[in-house]
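K.L.:
What follows is each chain in one-letter form.
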Amino acid sequence: MNKTVNQKAWFLVLPVLVLVAFSAVIPLMTVVNYSVQDTFGNNVFFWAGLDWFEQMLESERMWNALGRQLIFSGIILAIEVPLGIFVALNMPKKGFWASFCLVLMSLPLLIPWNVVGTIWQIFGRVDIGLLGYTLDKLGISYNYTQDFVAAWATVIVMDVWHWTSLVALLAYAGLQSIPDAYYQAAKIDQASRWSVFRYIELPKMAGVLMIAILLRFMDSFMIYTEPFVVTGGGPGNATTFLSIDLVKMALGQFDLGPAAAFSIMYFLVILLISWVFYTVMTNLDKREGR
Amino acid sequence: MTDATSAPGAASIPGDVSAAEPRARTRRRFRPNGSAVVMALYLIFLMLPIYWLLNMSLKTNTEILGAFSLWPQNLTLANYAKILTDPSWYMGYVNSLIYVVLNTVISVAVALPAAYAFSRYSFLGDKHLFFWLLTNRMAPPAVFALPFFQLYSSVGLFDTHIAVALAHCLFNVPLAVWILEGFMRGVPREIDETAYIDGYSFPRFFVKIFMPLIASGIGVAAFFCFMFSWVELLLSRTLTSVDAKPIAATMTRTVSASGLDWGVLAAAGVLTIVPGALVIWFVRNYIAKGFALGRV
Chain A
1 MNKTVNQKAW FLVLPVLVLV AFSAVIPLMT VVNYSVQDTF GNNVFFWAGL
51 DWFEQMLESE RMWNALGRQL IFSGIILAIE VPLGIFVALN MPKKGFWASF
101 CLVLMSLPLL IPWNVVGTIW QIFGRVDIGL LGYTLDKLGI SYNYTQDFVA
151 AWATVIVMDV WHWTSLVALL AYAGLQSIPD AYYQAAKIDQ ASRWSVFRYI
201 ELPKMAGVLM IAILLRFMDS FMIYTEPFVV TGGGPGNATT FLSIDLVKMA
251 LGQFDLGPAA AFSIMYFLVI LLISWVFYTV MTNLDKREGR
Chain B
1 MTDATSAPGA ASIPGDVSAA EPRARTRRRF RPNGSAVVMA LYLIFLMLPI
51 YWLLNMSLKT NTEILGAFSL WPQNLTLANY AKILTDPSWY MGYVNSLIYV
101 VLNTVISVAV ALPAAYAFSR YSFLGDKHLF FWLLTNRMAP PAVFALPFFQ
151 LYSSVGLFDT HIAVALAHCL FNVPLAVWIL EGFMRGVPRE IDETAYIDGY
201 SFPRFFVKIF MPLIASGIGV AAFFCFMFSW VELLLSRTLT SVDAKPIAAT
251 MTRTVSASGL DWGVLAAAGV LTIVPGALVI WFVRNYIAKG FALGRV
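Order-wise, the sequence lines are chains A and B. Heads up: the first sequence runs through residues 1 to 290, numbered per the UniProt record's numbering. Heads up: the second sequence runs through residues 1 to 296, numbered per the UniProt record's numbering.
Next comes chain A alone, as it looks inside the complex:
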């Protein structure tokens, strides 16, 4: 669509700008402020330059948390995206059952995140939870508060449970927009099931899948509440992801300087990766001529 150039459109954007500036720019500047200052208490601050950044860059703690975070995001994307597409391909197309599936699938998305954590905390307990109890009876030793592997497995399965539906719903929306004529043409060409998927469905889903991957990446990178409720970041530091570590540092230990430097680097990493996604996405949009 050709857009007209109109600088007055700024006035329409103004309310958003003011509101977001209040709730984003001011807090962000506070963080920047802390990151370059040091204090001995009593609200007396003095200039510390980039010391905190250097300290954080050298700290093993941050690199470990970042490593765990990247592994976590990688694993859940690798599971949720293919699984989501698979589920979407199997969803009924219309009628009562389509609505039925849609409603049930959206349900996990609307549960408050700490309740999600609570649900899985209970579900995985060996004494009162269905999952833990069953595994225990099957003779598999399972204890997510003690065992490294069990903790990771629980957190990952929880995230898959929580968010796969999002990917599935997006892929489903993409599939719904494919006209029947495409399938008929493929039928005439005697295309195999795989080539229908590869050359018709996948390209048509590309746009929404990018959104799905972008959203899932951002949200998994910010994950805090769910693993915190279930494992509290443990055993040891095994499931201490970036946000959990940051909250521990900022609100728990009140190390404002390092925490602020940490925040800024955290934000920059997310920004960088999201910018790559965004560029790819807008290019996809353009190619479709929208």
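Honestly, I wouldn't trust all of these hints.
[Said to hold, decoys possible] Computed far set for chain B versus chain A, every beta-carbon distance over 12 Å:
| hint | residue |
| --- | --- |
| 1 | V38 |
| 2 | F45 |
| 3 | T76 |
| 4 | V94 |
| 5 | R204 |
[As the list claims (entries may be wrong)] EDC-like cross-link-like pairs, simulated, lysine to aspartate or glutamate; straight-line CA separation at most 16 Å:
| hint | chain 1 | residue 1 | chain 2 | residue 2 |
| --- | --- | --- | --- | --- |
| 6 | A | K8 | B | D261 |
| 7 | B | K208 | B | E193 |
| 8 | A | K3 | B | D126 |
| 9 | A | K3 | B | E193 |
| 10 | A | K3 | B | D198 |
| 11 | A | K204 | A | D180 |
| 12 | A | K3 | B | E190 |
| 13 | B | K208 | B | D192 |
| 14 | A | K204 | A | D219 |
| 15 | A | K94 | A | D180 |
| 16 | A | K93 | A | D180 |
| 17 | B | K208 | B | D198 |
| 18 | B | K82 | B | D261 |
[What the hints assert, rightly or not] Sample of chain A residues lacking proximity to chain B, with all beta carbon distances greater than 10 Å (derived):
| hint | residue |
| --- | --- |
| 19 | P15 |
| 20 | G74 |
| 21 | D127 |
| 22 | V149 |
Just so you know, these hints were derived from the structure itself, not from any lab. Backbone N, C-alpha and C fix where the C-beta goes; we use that ideal spot for every residue, glycine too.
Given chain A, put chain B in place with the hints provided.
P.N.:
Then chain B, alone, in the frame of chain A:
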């Protein structure tokens, strides 16, 4: 023809050999066997943990900790009664609903004109501005928790509903702009132009003609604002202490104070699912398109 489990989604091909099964009454385009099994398994996977929570909420504590059973042996509603009669519990729900509704109204109201500007006009810095808005959706709440606390304390808004509503605008406004922009792009420009020729002023055109056209988009945007505000805990917990404490925070504290009252905890959890389920039911026909941010 292979079994449907090995060829997922093959069902969507019209005129597929197997679609002519006698069971498919008219043009039902999915094969019941393979796809249905996959969906059933997936839905069971989704529902089991929720069922377990519901199951526990209907048991007494002694039963929960005593014998292991798949369904409540002595059905009790005492856990729900406790929550619904104790103000310190149910006020949590009221608080949550107040700030969620406030946030939804604010977010959609400011996002509407902005989304219109982004979808219709190009202006200096529009692309950068749009990306900057999106970055706020990407900002980890953990980064903002402490600064928000100080900001709202210093302006005297700490522990009020509006503080949480404003804080949630951080991620909801960009999302609402994103969704609405997607829907507005689908409305042809000719409609705007015709309205102007007919002598409509901009505000009148926007309210009388344009908004009804994208009503489903507004509904979807509101749904998403509701959803993300409802599920968020870190910011709402940091910004409140007593008067505006959300139910999610009430849950964590009461449980740690009174030992482990599993039944009440489970009942409170079930009650937090209810508003979400109700809202889903109203927008069920638009969910898929909404999740795609109007871009299909």
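K.L.:
Confirm or reject: T76 (chain B) is not an interface residue toward chain A, with every Cβ-Cβ distance exceeding 12 Å.
P.N.:
holds, 16 Å
K.L.:
Please verify whether K208 (chain B) and E193 (chain B) have alpha carbons no more than 16 Å apart.
P.N.:
The hint holds at about 14 Å.
K.L.:
Are the Cα positions of K204 (chain A) and D180 (chain A) separated by 16 Å at most?
P.N.:
holds, 13 Å
K.L.:
Far enough from chain A: is every CB of that chain over 12 Å from the CB of F45 (chain B)?
P.N.:
violated, 7 Å
K.L.:
Are the Cα positions of K3 (chain A) and D126 (chain B) separated by 16 Å at most?
P.N.:
holds, 12 Å
K.L.:
Would you check whether the claim that R204 (chain B) is not at the interface survives, using Cβ distances to chain A and the 12 Å cut-off?
P.N.:
R204 (chain B) clear of chain A: closest Cβ-Cβ about 15 Å, beyond 12 Å.
K.L.:
Measuring Cβ to Cβ, find out whether V149 (chain A) lies farther than 10 Å from everything in chain B.
P.N.:
holds, 20 Å
K.L.:
Could you grab the alpha-carbon distance between K208 (chain B) and D192 (chain B) and see if it respects the 16 Å cut-off?
P.N.:
holds, 12 Å
K.L.:
Taken at face value, is the distance from the CA of D261 (chain B) to the CA of K8 (chain A) at most 16 Å?
P.N.:
violated, 58 Å
K.L.:
Straight-line Cα separation of K204 (chain A) and D219 (chain A) no greater than 16 Å?
P.N.:
violated, 24 Å
K.L.:
Need the status of pair K208 (chain B), D198 (chain B): alpha-carbon distance at most 16 Å?
P.N.:
holds, 13 Å
K.L.:
Would the hint linking K3 (chain A) and D198 (chain B) be met if the CA-CA limit is 16 Å?
P.N.:
violated, 21 Å
Comparing the model with each numbered hint stated earlier shows that hints 1, 2, 6, 10, 14, 19 and 21 do not hold.
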